[in-house]
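Peer 1: If you want the building blocks of each chain, they are given just below.
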Amino acid sequence: MREQLMADLRAMWRIRAFEEKTQALCGSGDVRGSVHLCIGQEAGPVGAAEAFTDGDALFATYRGHGWAIARGVPLEPLFGELLGRASGVNGGRGGSAYLSAPEYGFLGENSIVGAGTPMAVGAALAGRHDGSSRLAAVVFGEGAMNQGAVHEAMNFAAMMALPVLFICENNRWSELTLTRDMVRNPSLTDRPKALGIPAIRIDGNDPATVRETILDFAEAAREDGGPAFVELTTQRLVGHYVGDAQQYRTREELAEDRRQEPIARAAAALAEAGVAAAEIDAVRAAAWAEVEQAAAAALAASPADVSTVREHVYA
Amino acid sequence: MREQLMADLRAMWRIRAFEEKTQALCGSGDVRGSVHLCIGQEAGPVGAAEAFTDGDALFATYRGHGWAIARGVPLEPLFGELLGRASGVNGGRGGSAYLSAPEYGFLGENSIVGAGTPMAVGAALAGRHDGSSRLAAVVFGEGAMNQGAVHEAMNFAAMMALPVLFICENNRWSELTLTRDMVRNPSLTDRPKALGIPAIRIDGNDPATVRETILDFAEAAREDGGPAFVELTTQRLVGHYVGDAQQYRTREELAEDRRQEPIARAAAALAEAGVAAAEIDAVRAAAWAEVEQAAAAALAASPADVSTVREHVYA
Amino acid sequence: MPEGTITVNYSGAVNAALWRCLAELPETLLYGEDVAKPGGVHGVTRGLWKEFGDRVFDTPISESAILGSAVGAAMMGRRPIVEIMWADFFLVALDQMVNQAANIRYVSGGRLTAPLVVRTQQGNSLGACAQHSQNLEAFFCHTPGLRVAMPSTPQDAYDIMVSAVHCDDPVVVIDNRTLYFGEKQEIVTDRPPAAIGGSHVRRTGPGATMVTWGAITHRVIEAADRLAANGTPVTVIETPWLNPFDTDAVLESVAKTGGRLAVVHEANTTAGFGAEVVVRAAEAGVLRQPPVRIGVPDTRIPAAPELAAALIPGTERIAAEVAGLVATG
Amino acid sequence: MPEGTITVNYSGAVNAALWRCLAELPETLLYGEDVAKPGGVHGVTRGLWKEFGDRVFDTPISESAILGSAVGAAMMGRRPIVEIMWADFFLVALDQMVNQAANIRYVSGGRLTAPLVVRTQQGNSLGACAQHSQNLEAFFCHTPGLRVAMPSTPQDAYDIMVSAVHCDDPVVVIDNRTLYFGEKQEIVTDRPPAAIGGSHVRRTGPGATMVTWGAITHRVIEAADRLAANGTPVTVIETPWLNPFDTDAVLESVAKTGGRLAVVHEANTTAGFGAEVVVRAAEAGVLRQPPVRIGVPDTRIPAAPELAAALIPGTERIAAEVAGLVATG
Ligand SMILES: Cc1ncc(C[n+]2csc(CCOP(=O)(O)OP(=O)(O)O)c2C)c(N)n1
Ligand SMILES: Cc1ncc(C[n+]2csc(CCOP(=O)(O)OP(=O)(O)O)c2C)c(N)n1
Ligand SMILES: [Mg+2]
Ligand SMILES: [Mg+2]
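Just so you know, the sequences run in chain order D, Z, F and A. Those letters in the first sequence? Residues 287 to 601, by the working numbering. Those letters in the second sequence? Residues 287 to 601, by the working numbering. Those letters in the third sequence? Residues 562 to 890, by the working numbering. Those letters in the fourth sequence? Residues 562 to 890, by the working numbering.
Don't read these hints as lab results, they were simulated from the structure. Yeah, the Cβ is synthetic: ideal placement off N, Cα and C, and Gly gets one too. Careful, some of the hints might be misleading.
Claimed, not checked - Quick partial rundown of chain A residues pointing at chain D, CB under 10 Å, derived from the structure:
(1) T620
(2) D656
(3) I665
(4) R672
(5) A790
Stated by the list, open to error - Covered stretches of chain F, as calculated for chain Z (at least 3 residues, CB under 8 Å):
(6) 631 to 640
(7) 662 to 675
(8) 718 to 730
(9) 850 to 858
Please take these sequences and the hints and turn them into a complete structure.
Peer 2: This is the structure in structure tokens:
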């Protein structure tokens, strides 16, 4: 447990530091454009990562940096992408909210709410015919549950018994609106269940719970086929986008969120288990060191290549 | 009961005769274009009709002749519409699959699967602000349950607690495909329930059951607000469209459907209750007489007015 | 500040127009994602929920339900004003505009109408991704039954919103978010609602006629000013209404400017509305020189600002291309 | 029947092309509403499910899921061929074409691709309602990243489908259901897949160049034959591919036919793809006379056949308008 939690803390801090550095790079004007951070939501990607193997396909949203990192995409080309560098995973064409790194099974973020869900179904469908039986996973927010495409995708996957993991990160907010005010029945797992999809709501701030659940579901999906739905309860500690003043949130809510957030919880659990404060802090420091180095390298790289800007529209 | 059932039989026969005459008019080439008949599904509109009052709004699908008739639209301008006559409810512009008669609270058919559902939500929303508290009802097939817009509309109505009746006519078929093969969980009422909408599946071939249920739900919706969902199990005795050879259906299925269909059942129940065969047959004859007269008048009317064909695109 | 005027930026102008419509027309409703309590993701609808209560409300992320319910409410006599946060998001629900709203009046022979307004904004802004950068006015212009406007100034933003809400047709009003927080200007707010349509002559000169709409108008005017400074003044016609489109004003001007026409928009060039404008001039026989179309070449929009800037027409490119046109014949 | 030919109607040609692609390319899939067991609502996909098993399947009425899953499967190396039963139904799911499929190659710099084919059919047929009558090719032509074709003959239906399936871009192939059961023709089926693009000269004559695509091509040819019979032969260029569009062939022909150009399509005139064709000629400076655009006037399509016939260009109207053009200059 201790080993695992230390590893999880390490993985979560890599994401956290990446996101905090990104926030700083927004502030300095180096990263331009809309950026959606996953600060506070790191336990999901970290816990889920182990369930994926080569050939699996993961689709995320604009809030997807953490999932890209968890899937193994190196930090420097991620920073490069955010910074609009030629060395970015998409040479600067994707940007923070629409990047992809297919070599790592990261099929991409998506800036259209819900749109990744049918695409993941298609990736699983492909796997049925290419001999891979790949697992496809798609991550989306709880607000996306009200988007028609998500309903269609879930039914399609259920009907075809395709191995698709629907991972719903419930951070309670749809941009500036509380999602619970936008539904009558707050139990979102009732929806996939109604379509015949096994569904569960779990503590999305505990990487161990996430790991166990997703591994189980992934295994089941690979064996029998058939989709599954996992709702991760979590919170974002920052605005919907960088620059969001969050006037819609109370101090109390944010304080409570800070108590729940996964890194503080993991650190506290480790301390309780007798890990020295210095050891815990070293994790943070190591993550930051790696992040700073990656960011510096990305900043030093050449800008996106304007000379090829018209290429790759067509085959 | 007997009085009511006689009245129901009368109402059902008006629809049946209208549809059979329409079928004949397709055969003779008088009605041109795609036509979707509701033969076998008459108990739904007949049973539901009483729940609606002036100011309520009903939206249907391309298979909506029966609902228009039940809502009170006279037969002659309906035939006129199908025949492309100037006297048609839409002067020939709507046709069989997209006609409307707002003066009767019939806000129209729709030829896009599911598209009427959010529109009905809007009609109920209007009623919240115009002092009418109108009930809005929308009819669609069970195949439409897999369309994203229907999911969005149900959630929207639930969240706003709007008085919308979602009426799902389950005739088992989505065009030429069995809907049960297109879902994993055949219990479609689980879907609205998951959204917090009370939902029930009832015998849609019994006008009394339909009446009772819809009246109850309509009353509840008017009083407390909030949508409700009623699934009517039924069957179409004919093809998806006129001309559909129905090679996808077995003889046994059609035979079973004929045993279930509402007019035969009502007639049998009346016979059992002691009503003379002649009296029962007179109902059919009267309906046919009315239909023939309406069709003849519509056939005699002048064709759609080509001189105004460019009008009414804009205000 | 004189009576009947206010000093506002573009966003304030839209807000004032919505305020006026909600106050004057009890049949209006205003809703969309984040528009009520939070006051809009761009702050445009701030304060309206507090003032007008439950006629202003937030919705789930359900564009089909937003647009479809607006259509239904409009059919029953309301005048809904709804927001699609980015024009790109129309694409999950275009059915309700093209198959539903656009048909209602025509198919019912005028017995039913759908007087709704959809507010949206579009175009590229610094670093925006390909799914948040498109210019889709041509889709709406190709849909008979819909009205379409793309204002570029606070006064037009105000006037067009008021006219749109009073209009009995479904109207799509397309802002550009880069305009929302521009400089404040004094605008007149006490005129009765104008009929929809019309255009503005922003610059005059015999060299050529430039036709444009939306945010890029400002670059076109800059380009025209450069050309004038170089001794070749041109005419700039801004057509904030694309439907109805002020064809007469364009044709007259082209005839007066040597049959030289340039059209500039931020949308992709191929099959953009610019093609329509050029063809109207060609059909009318007023072109004397090959026309110039300036738009985004047919690519997607990359996120890196340098890449996007290489594609989206800038002042320099516009001035250079039009200078070439003026030099002909 | 010579080796390598078959005698089929249009629908049979599409079926044969699909058969060939499914047989030759194991990475193909074919799915959509009613396409498998029932063989398609128009019977076009008959027999394919029996032959190819679970690579051919029926789907729920879920266009977003159909298109989106095709995009996802294509990203992972499949070549899905999916059906949208009527082009009008694209509008509930256009996001997956415009915001997703069209962006994938460009944004990933070619690391990801989306080689899918969407089969659909469009246009008016006798008595069809306004929601089943639209011609939406301009929407796709205005979306860089998508390829678009509209065949009108069995041979083209066959060739274009084969080329589309082999093409590494997302391709929309738009049929017209009134063509499905036309007369049988002998078509060649043993040629290797051709590159996408190209056009056909269907008639030649110096009077004018008529450019057209899709089902209305047959009316245009009829009109040209009437004109020829009246002593004014014209050139007819059919451009079954709209993207890539054979601009060179059009420009050359316009230059050879006195700078007289007429474009004919069934889509609404305003902002239709016809505007694009005219502008390309205007930009190239080959127009010598005001061009003629023939399309549906900007209305919706009414169901009554007499009403629709008053709007959709018929042979007579086409011949008359082009006769007027030929008479100029
Ligand atoms: C179809 C569509 N509608 C609206 C938006 C604007 N939008 C972007 S993020 C967002 C909120 C999404 O909330 P949720 O799904 O909970 O994800 P979170 O941002 O909380 O991770 C909205 C409304 C969009 N991008 N796409
Ligand atoms: C968005 C959309 N997709 C597909 C169609 C084609 N279509 C028309 S009716 C139909 C089947 C509908 O089945 P169901 O909802 O059960 O209604 P029923 O016809 O049985 O009354 C389909 C697929 C359509 N009209 N609209
Ligand atoms: Mg959220
Ligand atoms: Mg059905």
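Peer 1: None of the hints should be skipped; say for each whether it holds.
Peer 2: Against the structure, the hints:
1. T620: Cβ of T620(A) sits 7 Å from chain D, so the hint holds.
2. D656: holds (6 Å)
3. I665: It holds, given that the least Cβ distance between I665(A) and chain D is near 8 Å, below 10 Å.
4. R672: holds (6 Å)
5. A790: Check failed: Cβ of A790(A) comes no nearer than 42 Å to chain D, outside 10 Å.
6. 631 to 640: holds (count 9)
7. 662 to 675: holds (count 10)
8. 718 to 730: Three-residue rule met by the stretch 718 to 730 of chain F, so holds; n is 3.
9. 850 to 858: violated (count 0)
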